[in-house]
Amino acid sequence: MSLKISNLNKTYSNGVKALNGLNLEIGTGMFGLLGPNGAGKSSLMRTIATLQDVDEGSIEFNGIDVLDNQMALREVLGYLPQSFGVYPKVSAENLLNYFAVLKGITSKKERNILIDEVLEIVNLTDVRKKAVSGYSGGMKQRFGIAQILLNNPQLIIVDEPTAGLDPAERNRFLNVLREVGAKNTVIFSTHIVEDVKELCTDMAILNKGTILKQCKPTDAVAELEGKVWATTMTTDMFNSMDKEYVLSKNYNPDNTLKVRIYADSKPSEHYSQDVANLEDAYFVHINQLS
Amino acid sequence: MKTIFNYELTNWLKDWKFYLYLLFFTGGAFLLFAGTAGFFDPVNPNVKTVSYLNSPFQLVKIWSFIFKGILFLIPAIVGVTIFKDFRHKAHSLLFTFPIKKRDYLAGKFLSGLSALGIIIISIAVSIIAAEQLPGLHPDKIGDIGITGHLQALFLFVIPNAFILSLITFSVITYFRNLYAGLGVIIILFLVGNIIPNAFDNPYVISLLDPLGENAFSFATDNWNQFDKNLKAIPLTTTIIANRILWLTMAFITGLFTYKKFKLHEHRSGTSKSVKISKKEANNNKKKVKTVSMQIVKGPKLEQSLTTLWTLSMYNLKYIVKSWMFYIVVALGILAVFFAINQVTNNQAVAIMPVTNVILSIPAFFFTTIITLLTFMYGGMLVNRDKTSQMNFLVDSTSISNTKLYLSKVLAIAKMQLILLSLLLIVGVAVQIQNGYTNFELGQYFFNLFVIQFISLFIWALTSLFVHSIFRNTYLGIFFLVALWFGTSALPEIGIESRVALFNFYEPLSYSDLYGYGTQLKGFFLGKAYWLSFTLLLSIATIITVSRGTSLNFIQRIKSSKGRLTMVTKMMSLAFISFIALTGFSILRGENKNDSFSSKQRASAFRAFEKEFSKYATITKQPKITDMDLSIELYPKKNTFEISGKYTLVNKTTQPIDTLLIKTGFDEETSFTIKAKNKLVDSDNYVKFSVVALDKPLRPKDSLTFEFDIKSQDPSIFDTTQEAVANGSYIKNEILPRFGYFLNTKTNEEDVHTTNYYAKDADLMNVSTVIGTTKGQKAFAPGNLVKQWNNNNRDYYEYATDTPVKNSLGFLSATYKTHNHNHKGVDFEVNTHENHEYRIPEMVEGLKASFDYNTKYFSPYLFKNANIIEFPKTFGTYASVNANLIPTSEVRFIANTDESDVDISFYSIAHELTHHWWGYQIMPANAPGAVMISESVTEYLTLNIYKNVFGEEKAHQFLKMQRNRYLKGRNRDTESETTLSKVAYENQYISYGKGAIVFNTLRHHIGEEKLNSILGSFLEEFSSDKGIYPTSNQLIEKLRQNVPTQYQYLIEDSFEDVVLYETSIENADTSTNANGFSTFIDISTSKKSYLDGTEEDKNLNDFIEIGLYNENDELLKLVKTTINNTQQKVIIDSATKPSKVVIDPNLLLIEKDIENNTFIF
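These protein sequences, in sequence, are chains P and X.
Quick note on our numbering: the first sequence kicks off at 1 and runs consecutively.
Quick note on our numbering: the second sequence kicks off at 10001 and runs consecutively.
Be a bit skeptical, because a hint or two may be false.
Calculated lysine to any residue pairs in the SDA-like style (CA-CA distance at most 25 Å, straight line) [stated by the list, open to error]:
1) LYS10386(X) x THR11(P)
2) LYS10959(X) x ILE11159(X)
3) LYS129(P) x MET10313(X)
4) LYS10089(X) x GLY85(P)
5) LYS10521(X) x PHE10502(X)
6) LYS109(P) x SER10304(X)
7) LYS10569(X) x ASP65(P)
8) LYS10527(X) x GLU10492(X)
9) LYS10403(X) x VAL76(P)
10) LYS10558(X) x GLY21(P)
11) LYS130(P) x TYR10174(X)
12) LYS129(P) x PHE10175(X)
13) LYS10262(X) x PRO88(P)
14) LYS89(P) x ASP10085(X)
15) LYS10386(X) x GLY38(P)
16) LYS10089(X) x SER91(P)
17) LYS17(P) x LEU10551(X)
18) LYS208(P) x ASP55(P)
19) LYS89(P) x LEU10093(X)
20) LYS10321(X) x PRO88(P)
21) LYS89(P) x LYS10317(X)
22) LYS183(P) x GLN82(P)
23) LYS10300(X) x ASP65(P)
24) LYS243(P) x ALA263(P)
25) LYS89(P) x ASN10383(X)
Covered stretches of chain X (chain P as the covering partner; in silico rule of three or more C-beta atoms under 8 Å from a C-beta of chain P) [said to hold, decoys possible]:
26) 10305-10318
27) 10386-10398
Simulated from the structure, these hints should not be mistaken for laboratory data.
Ideal Cβ positions, reconstructed from N, Cα and C, are used throughout, including at glycine.
Let the sequences and hints guide you as you build the complete structure.
See below:
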């Protein structure tokens, strides 16, 4: 099972180049797509989900030419957009029933069994009769997963699903996603590095429409071993320093700054070596430091 | 507030949609006004009516039409101004700003209202501009000034715009739902429709109508054309009260919303968030599973159909399960119910609730509602995913575009079918309620689910197409309404072909005798054309669907190319060729029919008149004395053939050398004259020939004229055939006639030898052989001589034994016959088998008329009188053709139980009276001829009616005549003529006023006296003498015989147009020695309205005053002479009166009789 994306290009009518010769190959399992806001994540996700055209390039999933044969992909696709609404005043059960019909499940009996199952999986059985439009953010996202599961998809695309969720809801959501992602290809876009770390077996970092790095999260961290240095300084000092290799800065409670930088060797005596993490890797690649 | 106001108004002024609305309305109003004022049409010299379009009256009417469109604009502009905040969720951010509720709401409302105001002012300007166009018809534009515009705007348009805007704005703001605004408009439309039917009191009707249109009609109810051209709208209390009432209503609605509205995320009273239950919150450690189910998919087609059905049900539930739908449906049913009730229980002329009547009354109204709902729900379904932001979820599923589309089509079709079924249920319910049990379900089903549904379904496809193009519900609805209105306005600017008038078809007429007849072919052809057109649009809708991110229109067109599969290409090709095929057939049918279109006809007649008017001076023509006809009717083929022979006699004193021959307009006629002759001139379109006889026909000599007539094969759109499957009715107008037929006046010297009914015949002998399809019975004037069967066809031979006038009818159908013998005369009624309800009343009418007229005048001259039903598609009248009384279908389904006047009895009594007044005496062909025939007949019918039904019912009859006269004179667009000159078309004068003034004369001089005057007149001019009287001769006869004190009535009634206005200013009662004295202050005026002027006439008139007790019983009736406009009258009575009434017997003609009553 693999998704192969070659040389995708897309320029919007306002001149923004959303996808810029993008190449990517994704196998089974959870795939994390990391990138800052405006990197082109959603454009890529929508394109794979057959909801947007490209100017150039090709996408292939399990022998399906996605751009040419959208319907065939939709058969095996589950998509959760970055934000979505639902028909007002319609219950989860009812709405899932509608999606099940849209996804081609014609038998009412089968739909009912299926809906019971997916509601159980996403843990919404208790509120199945309630209108989805009144759900909290996390419940709504889990509902989004429920509708994905209806057609037993081989390719699942979830676009920034954890944005705006409280920690408990985020956990609950990721647990659900982990279960369903085991056997299929799941593309998971986020700007939260933690999500990828906890969930993904493979990942890519995307910025300005191009893949900057594709690797396993553990490899990404391993590559930086010994190259991450940390120190504490005042704001004034930080302002006067050369910021090119700064990976991150965090305020301490006493208003000093904890600064991490990327360097092959110890930059100065104020710095001490620190354990590299995925966030470091993310910034290294976004800022193209290596 | 200023900031919000300015911001929103600027927003509108930058929005292209605003300019689209502006352009549509100003352009539409401009074209409408210019078109109605004759800018596009050639001036028709025959229309002499002066009707100023820029008069206050007409401008209010024009604005009232335009306002129907503005209604839909109100939610689109005033509603959208606030709703967009809710839709774009801008309100959650906006409400956190330091703005006051008052400023927010007022700013939004006033800016929307101002944008609407700009459009309204622009419309007014464009109408004024259209008024200045050169080349408008001079009779359409009066030099009136700006009053009309100002009155229309400030009394109606602007207040209405304000009222409806405020109500709509309030409702949208309260519910935070834009569709609710449209719902309000539809609901107000329905309420406006229900009120006039549900209430009798004109004040109530005037008050309850939110647009004030009823108040306006009520205020101008008594206006004639002169008033309509010149008068300003009076500020009556009802108009002012209506305006105040609805402004108050609007303010109350606004205030309510203002009080309830909070600058909150959700509207007050709705808290929708779902709390996570404890169980669920603690449950997240539970082992999650994956989907275990394996979906087994069945056969593909079956699967597709199941999916389609399920989705459509889902969509249907969305439409149907809403309070708005319920309210609209409930009000719609109520409206239909009242509308039917209005006809079936109408006091003046009630009709039985037969199925075709039930279906025809609400059909237009109800389909209007269904069409509007189709426009609205089409938009809601198309934009639903996007509006609720669920489109990405839906778009990424594997459902095909076709299925998604078809599920919406199906849902709307189902909604339409549900509503049509409701109409069926209401119809049957009304029938049951009226005790009518002949439920013709087949007719219901065919009318509702075939005829009505096809048109609605075409609208469903159109609605989905338009909405999928615009992707903005309001813009889409607006476009659809514009298309709908625009189509009905296209003929105004000269576009009349069915291939251009979208989904348009004239309403089908239906007769119980033969159903829809040949109209169906044309109807289905037209519908097939538009259906295939909209099916092509459906393909376009499907392939231009954009899933996922929005594309602009051009991108959608581009992306659709990829979806043009072989199948869609083939289907499109098939539809295109079908459109071409049906379109071609329509055009060919129309071309064939076009020669009969009114426009073509008018221009042909103009050309004819120019060319042939030189023959108008030839007035001496022979008369037909004998007629032999052989008619072959082919009802199933809608054709007939006639061959015939006339004997023509020169009854003049001079030789005749030229024959002017007019033959049937729609038929092919060939003729031979049995004398040497030469065709001098002819017009093949008008079917007029001028023949010169080699040897002039000398006085008293005769000539044989033979002819053959063949009806044309009807074109597919021709709906005027004489021969129909059941109920054919051929009249003598299609037979060859003599004389220059466009001469309406007869020369002074020939007047007394030319009767009003036929210039080319006095009384004549007619014999007819008429053949028809087997099983039908055929009728012709005279007695049945022989009947036989030949070649599987039925033949009947008729011959007159008493000569008849040239006013003939030939009929054929399957009838049920009822026979009655009355004093040696056979009374026969031939009717459709389901139309037997009113036969007893009709026979009573024959008997009563027979008895009355034979008592006062002369014997009945035929052996029988035969009432024969003809389809209502030929007309709603009854007529006399010798011994036959052809009577329209509608007279057979009159509901006499519900009417004030027994119309079945009355119309038959009237027709038989014409045997004397219209046959035994025939008026000369001169102005006022119908005073002798119709006025006298209507007066005699009133007496007959009184003899049978009593004084009280006769009073109702008189009231009906009074209404007929007063209403008719308001409608008359020319200045009212006197009875002495009344023309045929002014029945409100000949029937209405005629009955009243003869009745007044009778009241004063006595029935015996008046009838004896009439009787001696009838004897003097009996038609067998061939000398015909004019109305002036009858008036002279009356003048000679009426006592001196009543002489003023002769001039007032017949030679003048006189209306009284009397009222009781005050009244008082006191006791005297013998009982009571009542003092009454009477104000009287008598005015003459001759030739459109208004002039006071001197008073020296008899007026009756009645005193009544509390039980409404007459205590005393006094006839008094009134000479002063203000006069005190004292009446003594034994008991105490509680009511005084001036002219209780309706002897005077008065517009307002409400003020004739004084109650103590």
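For a C-alpha distance cap of 25 Å, please report whether LYS10521(X) and PHE10502(X) respect it. 18 Å, holds
Taking beta carbons only, do three or more residues of the segment 10305-10318 of chain X come closer than 8 Å to chain P? With 6 residues closer than 8 Å to chain P, the segment 10305-10318 of chain X meets the three-residue bar; holds.
Within 25 Å, alpha carbon to alpha carbon, are LYS17(P) and LEU10551(X)? 17 Å, holds
Whether chain P covers the segment 10386-10398 of chain X (at least 3 residues having a Cβ closer than 8 Å to its Cβ atoms): holds (count 10)
Assess, step by step, whether the Cα of LYS183(P) is no farther than 25 Å from the Cα of GLN82(P), and give holds or violated. 23 Å, holds
Measure nothing beyond the straight line between the CA atoms of LYS10262(X) and PRO88(P); if it is 25 Å or shorter, mark the hint as holding. This hinted pair holds, its Cα atoms lying about 21 Å apart.
Compare the distance between the alpha carbons of LYS208(P) and ASP55(P) with 25 Å, and conclude whether the hinted pair is satisfied. With Cα atoms ~16 Å apart, LYS208(P) and ASP55(P) stay inside 25 Å; holds.
For a C-alpha distance cap of 25 Å, please report whether LYS10300(X) and ASP65(P) respect it. 23 Å, holds
Hinted pair LYS89(P) and ASP10085(X), Cα distance within 25 Å: The hint holds at about 20 Å.
What's the verdict on LYS10321(X) and PRO88(P), does the C-alpha distance respect the 25 Å limit or exceed it? The hint holds at about 13 Å.
Between the alpha carbons of LYS10386(X) and THR11(P), is the straight-line distance 25 Å or under? 24 Å, holds
Between LYS10403(X) and VAL76(P), is the straight-line Cα distance small enough, at 25 Å or below? 18 Å, holds
Going through the hint list in order, the structure satisfies each hint without exception.
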